[in-house]
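Undergrad: For what it's worth, our numbering labels the leading residue of the sequence shown as 23, then goes sequentially.
Fair warning: there could be bad hints in the mix.
Quick list of in silico lysine to aspartate or glutamate cross-link-like pairs, EDC-like style, CA-CA up to 16 Å [as the list claims (entries may be wrong)]:
no.	residue 1	residue 2
1	K46	D93
2	K113	D47
3	K46	D78
4	K62	D47
Calculated from the structure, these hints are not laboratory results. Owing to the predicted nature of the structure, the values given are computational and were not obtained by experimental measurement.
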Amino acid sequence: MVLPPNDQVMEDLNLTGLRDEAVKDYGAWHESNVSDESLKAQFRQACNLALANGLDLRLIYEDQDPSFFIDKGIVVGIARQFVRDVGQWVKCVRNVTLDDQATQAAA
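Given these sequences and hints, build the entire structure.
TA: Okay, here's the thing in structure tokens:
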């Protein structure tokens with residue numbers, strides 16, 4: 023079952039910066055959450071597929087289509103996480119960014 027994208031996450035996906043860099047950062051975040059090298063390689067491959075096909079995080083989140091990645095050789099679990107976790111990553115990045123801004127303002 024595909025759930026409609028959360029409106030707040032969609033608003034948060036108006037990230038500043040380069041779209042391709044956001045995809046790379048997202049892929050690196052996934053890699054940092056696993057220790058197995060084969061899983062890290064699968065996340066790198068998913069990231070490379072997204073970039074090669076012009077997909078930014080907003081498109082990945084809107085589509086909610088892990089089958090795109092699965093059909094291109096990404097294992098099911100990695101594909102599902104890569105599509106599903108965009109909102110979680112945005113919230114983590116947004117919190118870090120807000121914390122950094124507050125720290126800089128206090129200094």
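Undergrad: State for each hint whether it applies.
TA: Verification of the hints:
1. Distance restraint check for K46 and D93: the Cα-Cα separation of roughly 21 Å exceeds the 16 Å cut-off, and the hinted pair is therefore not satisfied.
2. Between K113 and D47 the CA atoms are separated by roughly 14 Å; this keeps the pair inside 16 Å, and the hint holds.
3. For the hint linking K46 to D78, the alpha-carbon distance of about 10 Å falls within 16 Å, and the restraint holds.
4. At roughly 13 Å between alpha-carbon atoms, K62 and D47 fall within 16 Å of each other, so this suggested pair holds.
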